[in-house]
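**Student:** Okay, here's what each chain looks like letter by letter:
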Amino acid sequence: MKSVRPLQDVRVIECASDSCPLAVRLALAFAGRIATDLGAKVTALRAPAHADLDRIEPRVAEHSALGLFLDAGKQCLQIADSRVASSHLDGADVIFSDVPLYEAQVRMAPGAVWSVVSAFGKVTDHTLQSEFTLMALCGLLDLVGDPLEAPLRLGGHQLAYAAGLAAYGGAIAALCAREVGQTPEAVRISLADVGVWLNWKSVAMPSWSDRCVSRQGSAAEWRTVRCADGWIALVCSEADWPALRELVGDPRLSEPRFEDRAERRKHAAYIAEIVQSAFGGYSRAQLRDAALARRLPLGAVWSPLELENDPQNRQREFLQRVVPLNLLRPRLPVLWGGHAAGEADR
Amino acid sequence: MKPLAGCRVLDLGIITAGAATAAVLADFGAEVIKVESPSYRDPFRRWLSNRPDDAVEDLPPFFRATNRGKAGLSVDLKHPRGREVFLRLVARSDIVVENFRRGVLAKLQLDYATLRATNPNLILASISSQGESGPEARYVSYGSTLEAVGGLAWTTGYAGGAPTVSGVDLNYPDQVVALFASAMIVTAWRARQQGKGGAHLDLSQRELTGYLSGEAFVAAGAGLDVRPSGNAQAPHFLQDCFRTADGKWLAMTVEPAQRATLAALLGIDTIGEWVALRPLEEAQRVLNANGIAAAAALNGRQVLEREGQVWKDALQRLPDGTLVKGFAMQFEREPMTVARDAPVVGADTVEVLQRVAGLSTREIDDLAAEGVIEIAARKRC
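Taken in order, these protein sequences are the chains called A and B.
All residue numbers in the first sequence are consecutive under the numbering used here, ending with 504.
All residue numbers in the second sequence are consecutive under the numbering used here, ending with 425.
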């Protein structure tokens with residue numbers, strides 16, 4: 159697949175102070191990852207205090223999987239400490255940094271767009287938080303898992319990466335403004351604000367009604383159910399109900415009360431049991447085909463390794479084996495005029 | 045700062061993924077025109093159910109939240125004259141955002157080739173479940189479908205338990221895509237400003253969900269076992285939620301260097317026992333005082349109560365006090381603001397057709413009489 163590099167004229171610096179928490183550094187690295195994939199020349203300045211990123215488990219060929227994903231295609235420079243020299247910032251168009259480094263060194267690169275990530279922004283100076291505890295404060299843990307068990311995080315680093323997306327998006331917008339003559343200005347991203355922005359429905363809902371949602375486990379309207387060779391995400395909107403009922407083929411789902419979505423929500427655990435019982439004789443691939451045929455939003459739960467040979471991913475060349483380590487890596491999830499955005503050697 | 049000042053967006057986006065993407069473009073200063081039809085509304089105008097009781101108005105909170113900052117146009121794209129009107133707008137616009145089911149634009153004879161023939165500089169952002177191509181391109185999905193088929197559900201769940209999805213109340217992939225899609229559109233806008241022309245952006249939400257788990261693919265591809273690990277996560281020595289004496293959940297992260305600190309604090313108790321003996325506030329205070337990250341696992345109402353303490357920009361208030369989606373990023377010197385409330389159906393039909401499409405009052409009246417367009421009886425300011 160040919161690649162496009164819309165940012166090949168852009169120079170990006172990624173840097174952080176010694177005290178920068180891991181969650182913020184992951185956000186900065188993810189923003190840099192996107193810029194790299196779009197063809198920017200990205201230099202990650204790494205002080206000794208930040209060497210841990212490449213040691214985090216799991217490790218592949220002496221590097222962390224995290225580092226192999228986030229730093230691919232970047233120029234990573236080891237620097238003596240996080241007091242970044244002005245020569246490093248010379249000619250930078252965009253600088254992804256944390257707050258202390260921005261405040262200490264913004265004068266070194268006044269013409270650049272600074273995209274500055276923090277845990278809380280300006281609402282509090284209390285920074286003693288991890289990505290996990292920030293997710294707790296944003297209500298993101300409370301929504302996932304079983305009500306009888308602990309609140310649960312989503313896999314990976316979803317909050318940090320979402321903040322990285324916001325940092326990239328704000329930076330490219332500010333760069334556009336700079337290029338039409340507006341004075342460059344900093345973009346501020348707070349992980350707490352990003353978390354609440356993602357979780358807007360449950361946070362705003364109590365202001366609209368008496369309803370306050372929380373995780374529902376097996377009583378959730380959308381959840382996973384077992385099938386013959388794994389799990390299927392049972393997802394069904396109002397319009398999908400008749401097709402799901404027909405696919406399952408159990409007369410209990412035809413009870414008149416289940417015509418009402420409110421009743422279905424109330425009895426979601428009962429409905430899921432019926433569905434699970436019906437799906438038990440079918441594989442994920444069979445259920446995927448049935449969902450496709452009926453335009454149902456059911457989702458087979460695939461493992462990352464299974465997805466390498468998934469027909470959809472193969473046709474779109476989403477996952478790539480990259481030399482020299484034969485790494486499996488996703489490309490940037492956009493096709494630009496039919497072409498991948500990314501490194502030229504793909 | 046208005047980075048997209050002078051940029052006009054036709055927003056065919058619906059529900060969250062498409063509509064919230066266009067809302068971010070409005071925040072950046074673009075003129076966003078939400079396009080609906082006399083025969084097709086954004087489902088967020090009546091989201092909860094089709095019961096008559098739920099049809100209180102056409103501006104329910106979900107719709108207002110994701111469509112503030114936009115003008116509203118209602119034109120029937122299935123009608124030849126409606127399609128003609130839409131193409132006149134395309135000729136005078138810069139960006140079209142859509143997240144219909146695959147095949148709908150083609151059926152309306154409004155595919156990229158047609159739009160490009162009308163406006164060669166147009167950026168068409170197609171946000172879809174699986175992408176424009178491939179054997180599953182017509183797969184219908186919501187966010188949690190994508191968590192399953194994209195690989196995220198495989199890494200989410202209690203240790204040894206079932207793969208887990210975020211569910212209907214979060215629907216995570218449908219939220220996060222607006223950050224990515226808007227960023228790619230702005231990147232394409234920059235390229236266009238440099239004279240590189242328009243583009244068709246094919247944005248697959250399934251692929252985005254996988255990309256956001258990139259390190260899991262690296263690890264799995266190298267033969268490592270990738271499974272849900274509950275709340276535990278490297279490089280932390282301990283990370284989980286524990287029930288406090290007052291029945292709340294305390295989330296904490298302990299770093300490897302804090303093992304000795306934690307051991308001294310606990311004495312002979314396990315961490316679960318230690319937390320269970322203390323009310324949340326006390327446990328959190330003691331842990332924080334010892335340099336350990338700890339915070340309450342809040343529900344939505346409790347998060348809302350912490351506006352100004354924990355968060356500031358993520359939600360914004362309309363003049364009548366209604367909360368709507370705010371900003372995931374903010375400009376320092378000239379902060380973004382929400383320019384206007386969401387439109388009722390057809391709120392700006394006349395104004396848009398006159399100013400942008402260049403139609404006369406008579407032409408507009410004819411279209412309305414024929415049922416090709418809708419003009420709102422009232423307009424919310």
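A portion of the hints provided could be inaccurate.
Unchecked claim - As a list, the in silico DSS-like pairs of lysine-lysine whose alpha-carbon atoms are at most 30 angstroms apart:
1. A:K199 to B:K240
2. A:K160 to A:K232
3. A:K424 to B:K292
4. B:K46 to B:K240
5. B:K240 to A:K232
6. A:K199 to A:K232
7. B:K240 to B:K151
8. B:K122 to B:K151
9. A:K199 to A:K160
10. B:K151 to A:K160
11. B:K240 to A:K160
12. A:K199 to B:K46
No lab work stands behind these hints, which were simulated from the structure alone.
**Student:** Could you run down the list of hints and mark each one as holding or not?
**Tutor:** Now the hints, each set against the structure:
1. Of the pairs offered as hints, the one joining K199 (chain A) and K240 (chain B) holds, with about 19 angstroms between alpha carbons and a cut-off of 30 angstroms not exceeded.
2. Taking the CA atoms of K160 (chain A) and K232 (chain A), the gap is near 20 angstroms; set against the 30 angstroms cutoff, the hint holds.
3. Distance check on the hinted pair: K424 (chain A) and K292 (chain B) sit about 25 angstroms apart at the alpha-carbon level, within 30 angstroms; holds.
4. Straight-line distance between C-alpha atoms of K46 (chain B) and K240 (chain B) comes to about 22 angstroms, which keeps the hinted pair within the 30 angstroms bound.
5. With a C-alpha separation of about 25 angstroms, the suggested pair K240 (chain B) and K232 (chain A) falls inside the 30 angstroms cut-off, and the hint holds.
6. Under the criterion of a C-alpha separation no larger than 30 angstroms, the hint pairing K199 (chain A) with K232 (chain A) is consistent with the structure, at around 7 angstroms.
7. Of the supplied pair hints, the one linking K240 (chain B) and K151 (chain B) holds, its CA atoms being roughly 29 angstroms apart against a limit of 30 angstroms.
8. Restraint check for K122 (chain B) and K151 (chain B): the C-alpha separation of about 9 angstroms stays at or below 30 angstroms, so the hint holds.
9. Between K199 (chain A) and K160 (chain A) the alpha-carbon distance is near 19 angstroms, which keeps this suggested pair within the 30 angstroms criterion.
10. Proposed proximity of K151 (chain B) and K160 (chain A) is supported: the alpha carbons are some 29 angstroms apart, at most 30 angstroms.
11. Distance check on the hinted pair: K240 (chain B) and K160 (chain A) sit about 17 angstroms apart at the alpha-carbon level, within 30 angstroms; holds.
12. A C-alpha spacing of about 26 angstroms is found between K199 (chain A) and K46 (chain B), which places the hinted pair at or below 30 angstroms, so the restraint holds.
When held up to the earlier numbered hints, the structure conflicts with none and fits them all.
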